[in-house]
Amino acid sequence: MRKPWSFTVALLGALALVAAACAEEEAPPTSPGAQPGATPTFGPLGGVVIGPGEPIKIAVFEAISGDVASLGTDQVRGVEIAIDDLGGQLLGHPLEIAGPFDDLCNAEGGTTGAQRIVADETIVAVVGTSCSGAAVPAMEILSEAGYSMVSGSNTSPILTSAGGEEGVAHKPGYFRTAHNDEIQGRAAATFAFQELGVRKAATINDGDPYTQGLTAGFEAPFKEMGGEIVVSTAISKGDTDMRPVLTEIAAAGAELIFFPIFQPEADFIVKQAKEIEGLENTALMGADGLLSDTFIEPIPEVHDTPPGPNGTERGMYFSGPASPDTPGYREFVEKYRQKYGEDPIQAFHAHAYDAFMLIVEAIKKVAVDVQGTLYIDRQALRDAIGQTSGHQGLTGTLTCDQFGDCADPKIQIFQATPDRKTLPEVKENVLFEYEPQA
Amino acid sequence: MAETVRAVPREVPLGAAPPAFAARDITLRQVVRNGVLAGLGVSFVTAVGMVQAFERRFIVSQLSLDYILVVAFPLALGYLAGRPPPVLEGFEAPRLGAKNVLAGLLAGALAGLVLMAFVGIFGNFDVRDVFTNVSPEALARITFGEGLFEGSLAMLAVQAAFGALGGALNLVPERPRRAAFLAAVWVVAFGLFSPLVRQVLDNLGFPFLRYMYRSVSGALTRTGAVAVFVLFFVLSLVAKGSRLQAGERFRALPESQRRVVGGLAILAVLGLLAVLPHILGNFLSEILNFAGIFLLMALGLNIVVGLAGLLDLGYVAFFAVGAYTTAVLTWDRPEGLAGTLPGSIRWGPELTFWEALPFVILAAALAGIIVGTPVLRMRGDYLAIVTLGFGEITRLLFLSTWFKPYFGGALGVQRIANIEVFGVEILSPQNFFYFIFGFGVLAVYASYALQNSRIGRAWTAIREDESVAEAMGVNVVAAKLWAFIIGAIIASFGGAIFAVKVGSVFPRSFSIEVSIIVLVIVIVGGLASVPGVILSAIVLTATPELLQELAEYRFLIYGVLLIFMMLKRPEGFIPSRRRLRELREEELAQDAWLRAARAQREREELAEPVPGS
Amino acid sequence: MAQLARVGARRAVQLPLLDGFVWLVRVAALLAVVWGSYRSLTSGRLTPGQWRDLVVIGLSQGAVYALIALGYTMVYGVLRFINFAHGEVFMTGTMAAFFVADALSRTGLWTDQVWIPLLAMLGVAVLTSTLVAVLLERVAYRPLRGKPRLIPFITAIGASFFLQYAFAGLFGVDVKNFPPVALFEGKLDFFGFRFLKTQLLVIGSALLMMGFLYAFVEKTKTGKAIRAVAEDQEIARLMGIDVDRTIALVFAIGGAMAGAAGFLWSQHFGQVSFRTGFLPGIKAFTAAVLGGIGNIPGAMIGGVVLGLVESVSPSLILIGLGIPAAHQLKDVVAFLALVLVLIFRPMGILGERLAEERA
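Residue numbers (the numbering used here), protein chains in the order written: chain R, 1 to 438; chain B, 439 to 1051; chain L, 1052 to 1410.
A hint or two may mislead.
A few chain R residues that face chain B, going by a derived Cβ cut-off under 7 Å, partial list only [what the hints assert, rightly or not]:
1. 107
2. 161
3. 164
Computed footprint of chain L on chain R, listed as stretches where at least three residues anywhere in the stretch have a Cβ under 8 Å from a Cβ of chain L [unchecked claim]:
4. 240 to 254
5. 270 to 283
The hints are simulated quantities; they were obtained by calculation from the structure and are not laboratory data. The C-beta atom is built at its ideal place from N, Cα and C for all residues, glycine as well.
Chain R extracted, bound-state conformation:
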C-alpha cells in the first residue's frame, strides 16, 4: 500500500510546481480601456465607444431553457417590447439585444453566461439574470469587469440587502426591479396576522433559494408581531406524498400554511390537505411562483380551501407583486398579446421592461455624443442607474436604494375563490396591499 501514499505526496509536490508555473503566466487583467485619443476620457471602469450608425448593445441574460424556461422567455419578451416602444432607436443609434444568454438558473450558467458577456466589450449593460442562484457568480464577474446589471426577477435578500444591511453576495453595479423577498414575506405575514387573525402558522419550503428566502422572510416578522411559527419545515423537489408533513402540521394546530413553492409539489399539498384530519380550518397561502394558470385553473382544490380564522370566503391565498394597474401596463399586455399570440406567461415581464428602461434612461443621462460617436462611461452609467428616483415604470414608481433595490415595493394578496377560477380573475381579487414604510 505504499504506492497511493507516495502518490499523494507526489501530488502535493507537483501542485506546488503547477502553482509556480501559474504565477509566471499571470498577466495583468485586461481592462476595457478607452481608445487612445478619444475625446472624453473614461473613469476607472472604462467605457464603451459606439461609432456612428453602430448599435447600442444591451445583453439579455435570462433562464431560457429547462423547466424554468417560461420565467426567462417572459422577460426576454418584455425587453423586446421595450425596444419596440422606443422605436428600436436610442440617441440616433439602433438598440440591439446581445444574446439572449442563458443563465440555466444555476451558478454554472451564471458564470459562463457572464464570461460570454464580458468577452464582448461592446455590450453596454445587462438585463438579468432570472434566477438568484445564477446572479451570485454573474454579479461577481460583471461587477469586476465594470458592467452594470439590472435584474427583473431576482428576489433573494443576499443579493442586495438583508435586515437593512448589505447582503453577503452584493456587489456594486447590481440593481433589480423585482422586490426583495423580505418585503413579500413581511407582506404575507402582515396579512396573515392582521387581516386573517392567524396566530399559529406553519411554513414549508422546497429547498430552493427563492422559497427558503421567502419562508424566512415570513417567519421573522410574523414572530415579531406576536405570532407563533408552529412548524417550519421543508420538503424535497420530487416528493409526491405530502400527507406525513401535513399530518405533522395538523398536529401542531397551525391556522395557516405558507408554502411559497412551485409546481408540482404545491399541487400535492393542496390536493392532499383536504384529506388530513385537523386541517379542516387551516388556510393555505402560496406566493407568486404559483400565480400561474397551470396551477389555478386545472386544480379544483385551489378554489375550496378553508378561509382561516377571520376569512370570509373559501379559497387559497397568494402573495405577489402588485399587478401594475397603470394604463401603460394594460397597453403593454395588449402589445404582448399581439406580438406573441398569448397572455403573459409569467409574473416578471413588466419588471424586465422596467429594468431595460432604467438602463436606457441612465444611458440618456451619461452618454456623450461627439459627432455621432457615443461615449458611455461605465462608472457614470452605474452611478446614474443607482441614482434613479421616481422613475415611472410599468410596475410603479421606481427608486433605487444604496444596495440596488429599485422596485416599487408594493405587494398584494390575492385569493382564488369558488367563483374566481382563472388567473386574471384571481389577480383582480385583491384583498390586501402592502407597502413598507420608508
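Following the hints, complete the assembly by docking chains B and L onto the known chain R.
Structure of chains B and L alone, referenced to chain R:
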C-alpha cells in the same frame, strides 16, 4: 445469383479454398426494416421538436442543421439497407452493383412514405394537446412550406434520393468512403462550431476567414465547405496509414530513443496547450475550464469504474464534498453580520485555497471511506444503487435546514476566496485554464501511474473476477477502498476548483444528472482509456455550451449515445488497448457468467486463507 | 511466500478494523432509532390516531413501490440484471392513462359510468407499459445477453434517460393533472385505522395482483419455465424451454405490473410528468433490494417497509432527535435504511444468499 459468373471475390485471401456456396445477399427484410426505421427516426426528431429548434442554425450557406438531420437518417439507413452481409467463410462474396443503390433508394422511399403518413395524420388532425411539439410550423418545415401533400411528396423524393446515395456508398471502396465520411463530419462540425472556429482562426490571423464564413448567419460559405471537405478528405486518406506507420515505427525504436521521442511529443502537446487559452479567448477558455473540471471528475470515476470495475452512480457526492469543504473553509466572512441573517453561515475560518487543500483531501478521503466501507462486500448492481443513494444523501444533507448554519442550505455559500499563487490572484479564465490544466496533468499522470502499479493490477484482477483475485492473494478489501479514496480525492479537486471558479456553491449544482454525465463521458471515451476520457470530456461538455439548441436535447442524446455505445462499441471511441483485448476475450467466453455462481462457490472453498504461511 | 505472508498479515489487521467500523455504524443506528422514537412517542406531539394515519400512508405508498419493485425483482431473478429503465416503463403507462382520462373526462361517461373510463385507463396503462418493456428487452437488452453485466446495466441507464426525455419532447414537460374521480372520494374506517378510498384501492389491488403473480409463478407451467430459466438458462434450453420467449414474458409481466401501478398512481396522486418514473423507480428498486432481490414476496415486504420508513420515520425518529425540517430528509432516511439493511442482512430481508454469491 446462381447464374452469375464466378469471379474471385476480393475479400477472400489468395490460397483460400474456393467458395462453396453462393453469396448471401441483401434481403427484402433488411431494406424494409431500415427504411421504416429511417422514417420513424425522422418522424421522431420532428415530433420532439428538434427540427424546429435547429432551423436557425445554418451550417453551409442556406442549409440548416434541421435538414441535415432529416437527410442523415435515409443516408445512414440507406447505406445499411444496401450493405451486403458480411462474407462468411465458404461463401462467395456478393457482387456490388445497381441493386445496392436500388435497395438504398427503396429504403429511402419507404422512409419518405412513413414520413408522409406522419405528416398526413398530424396535419389533418389537431393533436397538439397531446404532442406539444408537432406544430403546424414544424410540419411546414419538413414539407418545405409547400403544403402538406405536395411538400411531403417532395420530401419523399429527397428521402429516396438520399437513401439511394447511402446505398451507393456501398460501391465505394472502404478507404475513400471512410475519408469522405470523416470529411463530411468535419464540414458539419466547422459549420456547427462556427463561432469557435472563426474566433480561433481570427486570433491566429488566418487571412481567408471572410471567404470561408458568411458574416451574418455564421454558416460556412460554399467555397469554405468545399475547402474543408477537400482538406479533410485528403488528410484522412493520408493520415490513417501514416499514423499507423508512425505508431509502429515508434514502438520499434529502442527504449532510450523512445523515451526521447515520447518526451518531445509530450512537450509539444504541453506547448500547444500553453498557448491555447490565448488563441481561444475569454469565453472559450471558460468553456474549456468547465470541461476541465468535468475531466477531473471523469478521470477519477475512470479509476473507480474503468480500472476497479466498481460502478459508482453517486460520484457527484465527492465532487460536492470537495466544493463544500473548499467553500466553507475559504469563504470571506463579512464583518458583523454572520449568524444573524437568513442565508448567512455561522462559521468560516477564512483560509486560503492552499491551506484548505489538505483538508479537502482529508474530507474526500473520509467520504470515500464512508461510502466505500459498507459497500465493500457488495457487488456490481447493489453497489450501483447504494452509491446512488449516497449521492442523494450528500446533496440532501448539504441542502438541509439541519446543516444550514454550516453549509447555508439552499442559499449556498458565497464569497469564496480566489486562488492566490505567490501573491497573484487567479481571476481570468485564461489563467484558470493553466491552473485546471495543472490539476488535469496530475490526474492524467496519476491515472497512468496507478494503472501500471501494483494496485492497478490488483484492480484489474478484481474487475475481472473478484474471487479469483482474492484467491491470488489480492487484498480485495483494501484495493477497493483505495479505489474509492483515490477516486474521491480526484473528484474533490474538481469540486474545489469548481467552488473557487464559480465563487459560490449551491446544492443545485450537485444533482444526480452530474453523476450520469460523468459516467457518459467515461463510457463514451472508453472505460480505462485516458485519452478517450479526455476527448469525450471536452466534446461532451463543451458541445451543449456552444450549441444551446442542443443543450435542451442533451439527455435525450446522451441516452441514445449510451445505448448505441453499449450495443455497437462497448469499448468506447478510443478504447484502451488492454480493455479491448479483455472485451474480445469476454465475448469468446460468453456464457461463462451463467455458471459463475456455482464456480465461484467452489473457488471460495479453495481460497480459504492460508494462516501464517 | 514473503509477499503472501505480508498480504495475509495485512488482512488480519484490516478486517477487524473494518468490522469494527461496521459494528460502530450498527450500534449508532440502533441507538438513534431507539432514542428518537422514545422521545417522539413520549412527547405526545401526535395523537395515536395520527400515528395510525402515518402507517396507512406508508402502507399505500409502499404498495405502489411494491408493484413497481416486482418488475425489478422478476427481471433480476431471471437475468441477474437491473433494468434501470423500469421506472420509466411505469411512467409511460401512467402517461398513457392520462391521455385516456383526459379524452374521456370530457364525455358523459366520466360522470355516469365512471368504471368504463377507469377500466380503459387501466387497460391502456397496462398495455403501454407491457409494450414498452418488451420493446426495451428486444431492442436494447437482448443483443447484450451474456455480455459483462456492467454493459446491459449502462444500456438501461441510457434507456431510462432516453425514455424520459423522449416523453418530455413528445408530450411536453408540464405536469399533467388527472381529472378527479368522484367514486374514490371519502374515507372508510377499519379497526381504528382511517383509510382514504384511494388508499384502500391501492393496497387492495396491490395485494391481489401480488397474490396472482405469486400463484402464477409457483403453480403454473409457464411459471415453472420462468423459474427454470432463472435457475440455469442453458439447462432450461436443453429441457426444451424457449428461453427468449420466457425472458420476454418476464419483461411483459413486469411491465404489466408497472402499468397497473401507473393506474393506481393516477388515482392516488392524480398527476404525471416525464419525471414521474425516475424517483419512484429508484425507490422501488431500493424496495426490491430491501426485501431481497429476486424474491416476489420480498418485493412486497420491501415496498411496504420502505413506504413505512418514508412516512413514519421523519416524524418518529428525526423529529425525536431534534432535527429541523425533518421531512426534507425523507429520502436520506430511505437510502440509509437500505444501507443499514444491507449491512445487517446483505441478502435483504427475505433474500436468499444472493448479495454475496450472485450479485
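| field | Non-conforming hints, listed in increasing numerical order | value | Hint check: 2, 3 fail, others pass.
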